[in-house]
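K.L.:
Next come the chains, spelled out residue by residue.
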Amino acid sequence: MRLIVPLQGVVQGRGGLILGSLIPCALFYFLQLYLKRHRSPKPQSNPPSPTTSSPKLAEMTRTSSRSNLFSRSIGQVRISSRAISIAKPNESPYYIGLDKASEDPYDRLSNPDGVIQLGLSENRLCFDLIEKWMSENLGHSITGRDNGELNINGIATYQPFDGTMELKLAMAGFMSHIMGGAVTFEPSQVVLTAGATPAIETLCFCLADQGNAFLVPTPYYPGFDRDVKFRTGVELIPVHCRSTDNFALSITALDQAFNQTRKHGTKIRGILLSNPANPVGNLLSWEMLYAILDFAREKNIHVISDEIFAGSMYGNEEFVSMAEVLDSEGFDKNRVHIVYGLSKDLSLPGFRVGVIYSFNENVLAAARKLTRFSSVSAPTQRLLVSMLSDARFIEEYIKTNKRRLQNMHALFVAGLKGLNIRCADSSAGLYCWADMSKLISSYSEKGELELWDKLLNVGKINVTPGSACHCIEPGWFRCCFTTLAEEDIPVVLERIRKAVENTTDLLNSS
Amino acid sequence: MAIEIEKPSSVRLSKVAISKTHGEDSPYFAGWKAYDENPYDEIHNQSGVIQMGLAENQVSFDLLEKYLEEHHEVSSWGKGAPGFRENALFQDYHGLKSFRQAMANFMEQIRGGKAKFDPDRIVLTAGATAANELLTFILADPGDALLVPTPYYPGFDRDLRWRTGVKIVPIHCNSSNNFQITPEALEAAYQSAESMDLKVRGVLITNPSNPLGSTIQSSVLNDILDFAVHKNIHLVSDEIYSGSTFSPSEFVSIAEILRNRNYKDAERVHIVYSLSKDLGLPGFRVGTIYSYNDDVVTTARRMSSFTLISSQTQHLLACMLSNHEFTQNYIKTNRERLNKRYDMIIQGLKKAGIECLKGNAGLFCWMNLSPLLNEPTRQGELELWNIILNQVKLNISPGSSCHCSEPGWFRVCFANMSEQTLRVALQRIHKFMEQRKVCSVNQ
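Residue numbers (UniProt numbering), protein chains in the order written: chain Z, 1 to 510; chain B, 1 to 443.
Don't read these hints as lab results, they were simulated from the structure.
Being a predicted model, the structure only gives us computed values, none of them experimental.
Among the hints, erroneous ones may be present.
Pairs of lysine-lysine, DSSO-like flavour, derived with a Cα cap of 30 Å [unchecked claim]: (1) 267(Z) <-> 332(B); (2) 229(Z) <-> 332(B); (3) 116(B) <-> 332(B).
Pulled from the structure, derived: some chain B residues nowhere near chain Z, Cβ distances all over 10 Å [to be verified]: (4) 33; (5) 41; (6) 47; (7) 48; (8) 109; (9) 196; (10) 197; (11) 319; (12) 329; (13) 368; (14) 391; (15) 403; (16) 420.
Using N, Cα and C, we set each Cβ at its ideal position, and we do this for glycine too.
Whole structure, please, built from the sequences with the hints as guidance.
P.N.:
Below, the structure written as structure tokens:
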């Protein structure tokens, strides 16, 4: 609009020839600039860069629809319906919070005002042990030394997609050890995958058709929504657990959910459990495991037991694997499948190492073939065979990890208690399940998300709200404490205090 | 007392689990079984089956070994392992920036700088197998179709169809024009799909071609892209053998075609690449999707959660592929050695009276044994294949497993063995051909 005035001046003879020629040139220049910025793809020799505002960075404020990818409508070539739903901006607080924390990560020295990450269940407590092992052993581990010669031949070529026998052996031994030695795992029943994420997805592909469903106790790990549903077309039916039972699963609830779902015409193919539970951190007792197996037998369905946190125990209870109950009770083993991985217990999420452990030969046969889409990288396999076979190291690691986990858990939970925030009873995991329902303005998901937002944007801590975990009671939050050092705990507590100070008498109420 | 007979488990498995789409019952894989049971060994088992059905590149291992020996630090994280922690925790599906940058550079080098790649458009997957499947999930819905020129890599039947539920409709190519893809063949395939009520979502080409061992000409690439634009469908170019062209000037990437068109219509084009063939590292599980479509990049990245590359491997390869001196030398030397092998096998086969399609890339040649068939049918081809497998003791891939419309063609791999073993294989073929000549003279 401002350009019209000088143009007027040109027309009326003021400014003269200079403006008269300058302005159209300027206009032309700006037009070109505008077109250049907004045309896609750009007319230059470099390929166009992808839009920097990716939906992954979508803000919590839902005013602007961040689906700019769609509004721009780059070419009309179509992508699949599966892809369309996946391409949508990620609205789950679970992912939004993770992004925020990784964009501005807290560092005690270099970024003390950054966001403290309590939303990612990562274990950083024992890295020093692994680093020490690496520096003492690594030279020989990757490329291998045959008679002093570096030999890449063994790991460069095509390997069995479901993992080398050496690693299966080492993994079976490790799983047994970390679960307390009460059950032996057979290497031939181990299928290695690039992380537990594809392990879950692969099992879903094997056990259910599109449109079928799995029952899953709530609250559950937000990632299951992706792992089970993204590409398989399989549904998850929540089986709600309540704080009055410390979020224990009840067979009645399972049965109800089963019947309800069946009435609606959807076939249930199995139950998906995590034991130790994520996000609550409680364990399934022997009796409960038995009851679940019995239920599965009655309905003739599968059981997937995700035991990825089996080695992250801090409580006094003993972990009981589904495999243990199967062993001694004579149930049909063909319906049981265990998922494991090294991301939690051994702190190596980047290495992508997961396990499908099944007793069903047909499932094993299919799963093995499917691992071609998600195999463990050969150098990593070799490294891990070395590490997992180092009995002395593993022994020390397990002991030290448990001790540090116990310590951290105790400190953190006590700290929260000091703020009058109680945690659910738990014995394992890298997190605690905190009840902040007293701190939310309205006892609803909306209230919970408001608190979550405040904690993230004002308090600068990222925790996972219960709604992201499909918890039926508002106000619960998962707080991972294993990414912290002891000195960080007071900082976290202080920030929580600060974030909620005007909403309620946090400190004084009982 | 009644004996309780335990009821066999009746717990149900999915259609995917019981389906035969994995294709492992086909001759392509039956040959592997024969090899597994009786593998040739230069010293310990000289009468065993020689594996010529595996497209693996073993000719340049020494270059990799030398690099690793001279650069010990890439296999670790330095003294005291300071970088280890971040690496071990790194599970971001964007992948290590340094690794993506190194891959982009490597891909550019292979194309002689004739195309540029933006690291932010690279999505990492655990192998090209996963990349192709992932793209299929993204570009097509269950029941839709992709057009694929024949003959094609047998693994596509599994990778593109098994879990995705997508169908493959062949674009028939034949020897009359050296199996080149023609606009008529493209159109015919499209019509064929339509007549079956299938929605075509894209064309998937392999360039250089597997199993033909030849590059696709520039004019043909333009035709294919025009076709994709006209039908408003996608174009996936699997360029996994791009670094295995014997002469760099003979390979034209779809990226170059796009660049020449100023990236018009680029949003429908996606390139698949991997280090399994060019760098001979299939065990490392390193694949990429390079897409010019933002939606596809975003979605592929998210889906790649199911198939991430180990951060340890990314770190190692980022170092290796950023070493310009190493990559330049590797690419050049690898090409020369593959060329030499190719010449060796072609000459050897020629001496035995066997013709091959003129090839200029890849780890295999496309051999014409149609004159030897009892009958010019698939059955005739399988009979001949059986003889070659069980009597000559060579595992080669029959054209029918590659969906070739003309019987009698076979894919023969030459880079997954030593020169000595290749000589033995050629001797066996020579002997076999001699015997057949004698037999036919006596008939």
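K.L.:
Now look at each hint and say whether the structure bears it out.
P.N.:
Structure-based check of all given hints:
1. In summary, the hint linking residue 267(Z) to residue 332(B) is not supported, as the alpha carbons are separated by about 57 Å, beyond the 30 Å threshold.
2. Between residue 229(Z) and residue 332(B) the CA atoms are separated by roughly 46 Å; this puts the pair beyond 30 Å, and the hint is violated.
3. With a C-alpha separation of about 19 Å, the suggested pair residue 116(B) and residue 332(B) falls inside the 30 Å cut-off, and the hint holds.
4. Non-interface call for residue 33(B) relative to chain Z: holds, since the shortest CB-CB distance, roughly 14 Å, exceeds 10 Å.
5. No beta-carbon of chain Z is positioned within 10 Å of the beta-carbon of residue 41(B); the least distance is around 14 Å.
6. The claim that residue 47(B) lies off the interface holds: its Cβ sits roughly 23 Å from the closest Cβ of chain Z, which is beyond the 10 Å cut-off.
7. With a cut of 10 Å on Cβ distances, residue 48(B) stays outside the contact zone with chain Z, its closest approach being about 18 Å.
8. Against the 10 Å criterion, residue 109(B) stays outside the reach of chain Z, whose nearest CB is about 16 Å from its own CB.
9. With a closest Cβ-Cβ approach of about 19 Å to chain Z, residue 196(B) is found to remain outside the 10 Å limit, as its non-interface label requires.
10. The beta carbon of residue 197(B) sits about 17 Å from the closest Cβ of chain Z, which is more than 10 Å, so the claim that it is off the interface holds.
11. Interface exclusion of residue 319(B) from chain Z stands, the closest Cβ pair being 12 Å apart, more than 10 Å.
12. The non-interface label for residue 329(B) is consistent with chain Z: the shortest C-beta to C-beta separation is roughly 17 Å, beyond 10 Å.
13. With a cut of 10 Å on Cβ distances, residue 368(B) stays outside the contact zone with chain Z, its closest approach being about 28 Å.
14. No beta-carbon of chain Z is positioned within 10 Å of the beta-carbon of residue 391(B); the least distance is around 27 Å.
15. At the 10 Å boundary, the C-beta of residue 403(B) stays outside the reach of chain Z, the nearest C-beta of that chain being 20 Å off.
16. Every C-beta of chain Z lies more than 10 Å from that of residue 420(B), the closest at about 16 Å, which supports listing it as non-interface.
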